[in-house]
Every structure is written in structure tokens, then in C-alpha cells.
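Please arrange chain Z on chain L, whose structure you already have, making use of the hints.
Heads up: the sequence lines are chains L and Z, in that order. Okay, so the first sequence: first residue is 1 according to the working numbering, each after it adds one. Okay, so the second sequence: first residue is 1001 according to the working numbering, each after it adds one.
Don't read these hints as lab results, they were simulated from the structure. Backbone N, C-alpha and C define an ideal beta-carbon position, used for all residues, glycine too. Each hint should be verified, as a subset may be incorrect.
Stated by the list, open to error - With a cut-off of at most 35 angstroms between alpha-carbon atoms, the simulated DSBU-like pairs for lysine-lysine come out as follows: (1) Z:K1084 - Z:K1215; (2) L:K78 - L:K51; (3) L:K43 - L:K118; (4) L:K118 - Z:K1141; (5) L:K43 - Z:K1396; (6) L:K6 - Z:K1141; (7) L:K128 - Z:K1396; (8) Z:K1084 - L:K6; (9) Z:K1364 - Z:K1211; (10) L:K80 - Z:K1405; (11) Z:K1003 - Z:K1209; (12) Z:K1267 - Z:K1209; (13) Z:K1364 - Z:K1209; (14) Z:K1141 - Z:K1215; (15) Z:K1396 - L:K51; (16) Z:K1209 - Z:K1140; (17) L:K6 - L:K78; (18) L:K80 - L:K43; (19) L:K80 - Z:K1396; (20) L:K6 - Z:K1405; (21) Z:K1405 - L:K86; (22) L:K118 - L:K80; (23) Z:K1209 - L:K6; (24) L:K51 - Z:K1084.
Stated by the list, open to error - Computed footprint of chain L on chain Z; a stretch qualifies when at least three of its residues, placed anywhere within it, have a C-beta under 8 angstroms from a C-beta of chain L: (25) 1030-1036; (26) 1107-1117; (27) 1219-1230; (28) 1233-1242.
As the list claims (entries may be wrong) - A partial selection of chain Z residues facing chain L, derived with a Cβ cut-off under 8 angstroms: (29) L1181; (30) A1312; (31) I1315.
This is what each chain is made of:
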Amino acid sequence: MPLFLKRFLFWSLCLIFLVYTFYLYTSSTSADRGLAFLDEKAKAGKLLFQKYNCTACHQVYGLGGYMGPDLTNVISAKGKGPGYAKAFLLSGTARMPNFHLSSEEIDNIIAYLGYVDKTGVSPIIDFKLNADGTVSAGERK
Amino acid sequence: MKKDTGILFVFLALLALGSGMFFGSLAALQFIIPGFSDWIPFFKTRPLHVSLVVAWIFLASVGGIYHYLPAFCNLSLRYPSLPKTHFRIFFITGLLVLACYFMGYFGGREYWEFPPLLALPILASWMLFGFNYAGTVLEKKNTWPVYLWMWGTGIIFFFFTFSEAYLWLFPYFRNSIVRDLSIQWKAYGALVGSWNMLVYGTAVFLMEKIKGDTKVAYSTQAYLMYFLGLFNLMFGWAHHIYILPVAPWVRILSYAVSMTELIILAKIIRNWRSSFSRGSRVRDSLSYRFLYASDVWIFLNLILALAISVPAVNIYTHGTHVTVAHAMGSTIGINTMILLASCFFIIESMPEKSNNRSAGKIMKAGVVLFNLSLFVFWTSLIFAGVSKGVMVVEGKLSFREMMDKINPFLITFAVSGISMFVSVLMIIIPVIPSLGRYIAKRTSL
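Only chain L is shown next, with the shape it has when bound in the complex:
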């Protein structure tokens, strides 16, 4: 393969990648239905989620650890909710340590989970498989 062709391919791909990245940073990821619920407490809760390394065990949108459940919709799920989440955060379980969180920290983490809950659904269990291998997703049952 001639050198000019290699250079052309490499730099063309890099250029397309930069344009693609720009769209991902902007319009293609701007649909956030939960933004109205992202207050200061939720913002602080997100940082606490990282500070206590919650993703070691828990997932949000199926991304994270496998020891505990996905927390995307824990706030609105049937039989769960803020009180349910608070109980776990307060005392831990056999598998989840008690992090001795302050009440303010617990409130902030729950506010963050409340915001996440408004943004979408995970896992998706109501869907239709299409012949081309794609999926048409519905809402949570």
C-alpha cells in the first residue's frame, strides 16, 4: 500500500472522528428527560456515588458492577422507592457494607438516584425484536 494512501486514510478517519466526536458532545446526547430534577443535592449525590465507589457493585443503565442490583429505576420501581433505598444506605446488608453515611449524604444520593430514574429505563423488558437485528423499545412494564 503506497504511503500517501496510508496517510490519506489515517488523516481522513481522524477528521471524521473529530466531527463525530463533536456531535456526540453536543446534539446527539442532549436528550435528558430528567434535567428538571437535577438540583444541587442530586449533583452532590453523583459525586458521593463516585466517592464511595458504588459502581464497584451497582449498575446504572446496566453499566457498573454485578454484586448488587441496577439502580437506574430503584426510586420508582414497584415495592421499592426512596424509603427502601434509604434503609439500605443507612445500615447496609450482608453483602453491602455500612458506609456510615450522614443523613445529608443519604439525602443527596437519593436525590441523585431520583434524577437518574427520570432519565430513562433500565433494564428494558418491554421491547420488540426486528428482523434486521435492531430493537424497538417500549416502556417499563
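Relative to the frame of chain L, chain Z by itself:
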């Protein structure tokens, strides 16, 4: 006598691999036995395991490149003292990262859980590496073999994607979970692609040297495969976020790009016999055995990767242990096999290498046990993931009930993981004295 800092990286890489697998075994036991080893809980052992094995991949890749450029590519390093500075920064930062994990200081995100400030020295040391690499290879005026392109691409894209993984520090990215998770997994997908460039470049280099086949690094097909890999690195990551509410074109593009990997699969099947038979002259070397194993693992993992890139399959497997099987199959089956081949290629060419026959037998048995254990480990994760995926979609059981149902697979996963750890010890412990003697003669910190 020439100094060879590459060997220091390789030595530290093997230590990182052994200790990373120790914490991996511990974490696997904690997964199936609640309360096991309470002195260091799972939320600490998991990042210790992940960071140490990621360090293994980078240290072994970088060490190989520092060693191969002057020793085999006839390219003296442009700045011969910089690798030592690179090593010192990486080593000290690594110790700080481990200390943070032990003390429970996090603040980062999955895979880079350490406090974000520690990303700065990692980036700085990488810049030194990139600066030295560019200065060295740009002096080569004639045609570059494809592995020089691959190593250079890996270096550039690691710098870009590692920086991108920290965009969450800016509120514009952090304050929308859709954008934040999208960019996080875009960065991680390409970051894995960047270390794959370093590792696969090493594989091509080894194939050229071990099989004595120079075509493999200069043929048009080799460059086409490189560009296909680069294309996937850039655009093929979004199977991680199919369920996020991003613009639909992001998913469709990623699905289409991922399917181009079918070309790689077809090439592997076509070259299957010739690729194995050509190496018969050297099949007794450990380096060849690891490369041979990586061929098989590339084939198996590519099928899995293709499957989970199809949205109709991904909807069942996303967030399940199938994803872990894919990650483990790639990092252990492909990356680790190739990097062990690289380490043993270096070790077997050292004058200080050990000729102890019983140690050699233990190591060869270790290679077999390693691959068998990995196969059981990988298969048990797939079974666990598929079972969980089906139960999630049925939506009848609670999380704990689902985990109880897949517990037999998880026990198999943990036992085979510990078996892998033992086999790695069988492989690396015998070479530590030879490496130590070599380092004592040719390097100084």
C-alpha cells in the same frame, strides 16, 4: 553495556499480573461468599484487581516497545534517558493509586476509581513515551512495518481517550447522565481499542520475528486490517450504551461498524491452517504457545463480540455476566496471551535465561492449565449471563432470586479464576530469578 529499561517495565508488568490476579481471586470469592475477607471489602478488591491488570497490559506493552525498538528494529531511542523517568513516574503513581484503594480514597469512576489528580502524572509519563516514540520512529525514512503504525496509533489514542475519560470533571459533561455515560463509554471503548493497537502491534511484531515471515508486517492485507481496527476503535464502541436515550444514529452506526469485524472473522478462518503450520519450527517455545492460544481466543471472542453488538442480542446480554465474559476473554485470552508471548520472547532471548528443565515443564503445564481454566471461566460467565438476561426480561424474580439461580455458574467462575491465578504463578515465578539477574546487570533505577 547498553541499558535496557524495557526489561524493568516487563518485570513490573509480571508482578502487576500476579498481584492483580490475586485480588481478582479474592474478589471472586467475595462474590460467592458474603463477608469473606472483611478486612478488604469487595469495593476495594475490585478496583485493585482491575487497575493492576490494566497496569499489566500497559507495562508489558510499553516495556516490549522500549526493548524491541533498539534491539530488533535497529532504531536507537531518540532520548535514551526518558524511559527511566517514565518508569519512575508510573511506578510512584501506581503505588499512590494502590495506597488510595487500600485506604478507601476513591472519587474517580469505574476502571479509574482513584482520585482524579493522579491521572495527571499518568498523562505526563505517557507524553514522555509518545515524545520519545515519535522522535525515534520518525528517523526511519523507509517504509514502516504495520506494527510501528499500530504502536503510534495506540499511543496517540490512549492520550486522547484517557483525557476524554476525565471530561466529567467539567459540569457541562457531568450534569447530564445521558451525555456523561455516553462520553464515558465512548472514551472507554476507544481506550480499549488503543491498548489493543499496542498489543496487536506486538503480536504482528512477534509473528514477524518468530515465524520469520516479513510479509505479515508489510502486506496490503496487514494495513487494511490495521485501518479496519482503527475504524472500529473510533466508531464501534456504542454497544455499551444501546439502552441509553441517545440519538438513534449513534446506535445504528455502531451496529454497522461492529459488523465489519466479520471481515476479520472471515480472515481468521481463511488463514487458520497456514497460520498454525508455519510456526512448527518454533512450537516448543513458550512464546509460540501463547501466540497459538491467542489465535484461538481471538476467534472465540470475536464471535461473542459480534453477537453482543447485535441490538437484538444485546438487549438480553447487556448488564449481565456475558459482558464480563467478553471483557475477560479479550483481556486474558487475547491481550494477556499476546503479552506473555512478548515477555517470553524477550526472556528466551536473554543470555541469563534459565535452562532448568523441571521449571520448563512446570511452565508448560501452567500454559495448559491457564487456557483450560480460562475456557471454564469464560463459559461459566456466558451461561450465568444468558440465564440472568432471560430472567431479567421475564421480570418474575427479584435480583437476589436471580443471583441465587446463577450461583452454580458463579461458583464455577470463582474456582476456575483461582485456578488461573495458580497457573499464572506456575508460569511467571520460574522466570523471576533470570529477569532479576538481567536487570542487575543492565539496568539501574
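So, going through the hints one by one against the coordinates:
About 34 angstroms separates the Cα atoms of K1084 (chain Z) and K1215 (chain Z), which keeps this hinted pair within 35 angstroms; it holds. Under the criterion of a C-alpha separation no larger than 35 angstroms, the hint pairing K78 (chain L) with K51 (chain L) is consistent with the structure, at around 28 angstroms. Proposed proximity of K43 (chain L) and K118 (chain L) is supported: the alpha carbons are some 14 angstroms apart, at most 35 angstroms. Proposed proximity of K118 (chain L) and K1141 (chain Z) is contradicted: the alpha carbons are some 57 angstroms apart, above 35 angstroms.
This hinted pair checks out: K43 (chain L) and K1396 (chain Z) have alpha carbons roughly 33 angstroms apart, not beyond 35 angstroms. Taking the CA atoms of K6 (chain L) and K1141 (chain Z), the gap is near 15 angstroms; set against the 35 angstroms cutoff, the hint holds. Proximity of K128 (chain L) to K1396 (chain Z) is assessed by CA-CA distance (about 19 angstroms); at most 35 angstroms being required, the pair is judged to hold. Taking the CA atoms of K1084 (chain Z) and K6 (chain L), the gap is near 33 angstroms; set against the 35 angstroms cutoff, the hint holds.
Of the supplied pair hints, the one linking K1364 (chain Z) and K1211 (chain Z) holds, its CA atoms being roughly 20 angstroms apart against a limit of 35 angstroms. For the given pair, K80 (chain L) sits about 22 angstroms from K1405 (chain Z) by alpha-carbon distance, which is consistent with the 35 angstroms threshold. A distance of roughly 22 angstroms separates the Cα atoms of K1003 (chain Z) and K1209 (chain Z); the hinted pair therefore holds under the 35 angstroms criterion. Straight-line distance between C-alpha atoms of K1267 (chain Z) and K1209 (chain Z) comes to about 21 angstroms, which keeps the hinted pair within the 35 angstroms bound.
With a CA separation close to 21 angstroms, the supplied pair K1364 (chain Z) and K1209 (chain Z) stays within the 35 angstroms bound. As the CA atoms of K1141 (chain Z) and K1215 (chain Z) are separated by approximately 19 angstroms, the hinted pair is consistent with the 35 angstroms bound. Between K1396 (chain Z) and K51 (chain L), the direct Cα distance comes to roughly 33 angstroms. Compliance with the 35 angstroms bound is thereby established for this hinted pair. Straight-line distance between C-alpha atoms of K1209 (chain Z) and K1140 (chain Z) comes to about 19 angstroms, which keeps the hinted pair within the 35 angstroms bound.
Between K6 (chain L) and K78 (chain L) the CA atoms are separated by roughly 56 angstroms; this puts the pair beyond 35 angstroms, and the hint is violated. Under the criterion of a C-alpha separation no larger than 35 angstroms, the hint pairing K80 (chain L) with K43 (chain L) is consistent with the structure, at around 22 angstroms. Taking the CA atoms of K80 (chain L) and K1396 (chain Z), the gap is about 15 angstroms. The hint holds against a cut of 35 angstroms. In summary, the hint linking K6 (chain L) to K1405 (chain Z) is not supported, as the alpha carbons are separated by about 52 angstroms, beyond the 35 angstroms threshold.
A threshold of 35 angstroms between alpha carbons decides the hint, and for K1405 (chain Z) with K86 (chain L) the separation of about 27 angstroms falls inside it, so the pair holds. Taking the CA atoms of K118 (chain L) and K80 (chain L), the gap is about 15 angstroms. The hint holds against a cut of 35 angstroms. For the proposed pair K1209 (chain Z) and K6 (chain L), the alpha carbon gap of about 24 angstroms is at most 35 angstroms, so the pair holds. Distance restraint check for K51 (chain L) and K1084 (chain Z): the Cα-Cα separation of roughly 33 angstroms lies within the 35 angstroms cut-off, and the hinted pair is therefore satisfied.
For the region 1030-1036 of chain Z, the stated coverage by chain L is satisfied: 3 residues place a CB nearer than 8 angstroms to a CB of that chain, which reaches the threshold of 3. By the rule of at least three residues with a Cβ nearer than 8 angstroms to a Cβ of chain L, the coverage given for the region 1107-1117 of chain Z holds, with 5 such residues. With a cut-off of 8 angstroms between beta carbons, the region 1219-1230 of chain Z has 5 residues touching chain L; three or more are needed, and the interface restraint holds. Requiring three or more residues with a Cβ within less than 8 angstroms of a Cβ of chain L, the coverage given for the region 1233-1242 of chain Z holds, as 5 such residues are present.
Taking 8 angstroms as the C-beta contact cut-off toward chain L, the hint placing L1181 (chain Z) at the interface holds, the least distance being around 6 angstroms. Hint on A1312 (chain Z) holds. Least Cβ distance to chain L is approximately 5 angstroms, under the 8 angstroms limit. Proximity of I1315 (chain Z) to chain L holds as hinted, the smallest CB-CB distance being about 5 angstroms (cut-off 8 angstroms).
Hints 4, 17 and 20, counting from the list given before, are not met by this structure.
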